[in-house]
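K.L.:
Spelled out from the first residue to the last, the chains are:
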Amino acid sequence: MSADHSPLAQFEIKRLVPMEIGNLDVSFTNASLFMVIAIAAVTLFLTLSMRGRSMVPTRMQSMAELSYEFIANMIKDNVGSEGRKYFPFIFTLFMFVLFCNLLGMIPYTFTVTSQIIVTFALAAVVFVGVTLIGILKHGFKFLTFFVPSGVPFVLLIILVPIEVISYFVRPISLSVRLFANMLAGHTLLKVFGGFVVGLGIYLGWLPLGFIVVLTGLEFLVAFLQAYVFAILSCLYLNDALHLHH
Amino acid sequence: MELEAAKMIGAGLATIALAGVGVGIGNIFGSYVSGSLRNPAAAPKVFGNVLLGFALTEAVALFALVIAFLILFG
Chain A
1 MSADHSPLAQ FEIKRLVPME IGNLDVSFTN ASLFMVIAIA AVTLFLTLSM
51 RGRSMVPTRM QSMAELSYEF IANMIKDNVG SEGRKYFPFI FTLFMFVLFC
101 NLLGMIPYTF TVTSQIIVTF ALAAVVFVGV TLIGILKHGF KFLTFFVPSG
151 VPFVLLIILV PIEVISYFVR PISLSVRLFA NMLAGHTLLK VFGGFVVGLG
201 IYLGWLPLGF IVVLTGLEFL VAFLQAYVFA ILSCLYLNDA LHLHH
Chain B
1 MELEAAKMIG AGLATIALAG VGVGIGNIFG SYVSGSLRNP AAAPKVFGNV
51 LLGFALTEAV ALFALVIAFL ILFG
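In order, the protein sequence lines correspond to chains A and B. Per the working numbering, the first sequence starts with residue 1, numbered consecutively. Per the working numbering, the second sequence starts with residue 1, numbered consecutively.
The set of hints was computed from the structure by calculation and includes no laboratory data. Here a beta-carbon is modelled for each residue, glycine too, at the ideal position from N, C-alpha and C.
Some but not every residue of chain B turned toward chain A, in silico, with C-beta under 7 Å:
| id | residue |
| --- | --- |
| 1 | L51 |
| 2 | A55 |
| 3 | A59 |
| 4 | L62 |
| 5 | L65 |
| 6 | V66 |
Only chain B is shown next, with the shape it has when bound in the complex:
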C-alpha cells in the first residue's frame, strides 16, 4: 500500500514539469504577438517557426506525461 501511495505522489510530482512548459509556451506566443505588432509584415514568415517552437515545447510536457505513466503503470 505504501508503494502505491508513493507511486501516486511520484506521478503527481512529475507534473511539476508543466510549470516550465507553461512559461515556455507563454513566452513563445507572447514574443510572437509583441514581435508581430512591431513588424506586422514579418509576422506570417515566422509563424511556421512559432508552431515549431510550440510543438517542441509541448513535447517537453509530454515527456513528463510519459514519466508519470511509467511511474504509475511501469
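Just chain A, with the same shape it has in the complex:
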C-alpha cells in the first residue's frame, strides 16, 4: 500500500501559502482554509437565512431559529438563567464544531476537527475560561469544588486528589473525544473504500453497502459530537457557576 493511499493520508496537513515569522511556521494550510470556510459558511447561513425576518419563517429561517433555540434550551436546562450571558460563546462553539464536522463529510475535503491540536485548543479555551469564571465568582470558595460534601475525613485524603485529577483531565477528554470520533470515522470509511476496490466488481458491493450505512452513521456522529461538545461545556460552566455541592 503506497503512502498516498493509506487510510491516514487524508489527515495530512499541506502548506498552501508558506509563511514564516522568525522561526515560527505560520503557513496557511489546508486546515486553516477549511476553518475559514466553516466560519464563512456559518456566517452566511445565519445572516442570509435571517435576512427576511418574517413572522412565518421560511425553511432556511426556521433552520437558523431551530439551531438558536436548541442551544438556548440546552443552556436554560443545564446552566439556568445565569447561563444566558454565555449563550454567544456556546452557540459559536457548537456551530463551528458542527460545520467543521459536516464539511468534512463532503468527499475530498479536509476535516479540521480530526486534528488533535484544533480540538485541544477549543477544549483548553473552554477549560481555562470556565475555571476563571468559577474563581472570579467564588474566589477561594471555588476550592471547595474539589471537596465532596458529607464524606468522612479519612476518605477525603483519597477523594480530593481524585477530584483534582478528574478536573484537570477534562480538557484532554473533551478534546480527545471529538478528535478520536472524527479520526476513527473517516479512517473507517477509507478502509472500507479500500475493501471495495480490493474485492472488485463482484464482491465489492457488500462493503459498498456498508459504506452507505456508515456514511449515515457518520452524519449522526458529526451532529452528536458537536452536541456533546456543547453540552459538556454547559455542564462544566454549570459546575463553575453553582459548585454543585
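Starting from the structure of chain A, add chain B where the hints point.
P.N.:
Only chain B this time, still in chain A's reference frame:
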C-alpha cells in the same frame, strides 16, 4: 522484528476495551427500551440523555483506538 510483532500484539490487546464498551452501549439502549416500554410518555424526554450516554461510552472505545494508533505508529 520482535519489536514490530510486540507492537502488533499490543495494538490488538488495546482493543479489549471494546468488550466494556459493548456492555455499556448495550446497557444504555437496553435500559432505554425497557424504560420506555414501562412509561412511553417519558421516552422522548430521556432520548437526549440516551444519545449523550451513547456518545460518552463510544468515546471510551475511541480512547482505546487512540492508544492502538499510538502503539502502532507512535
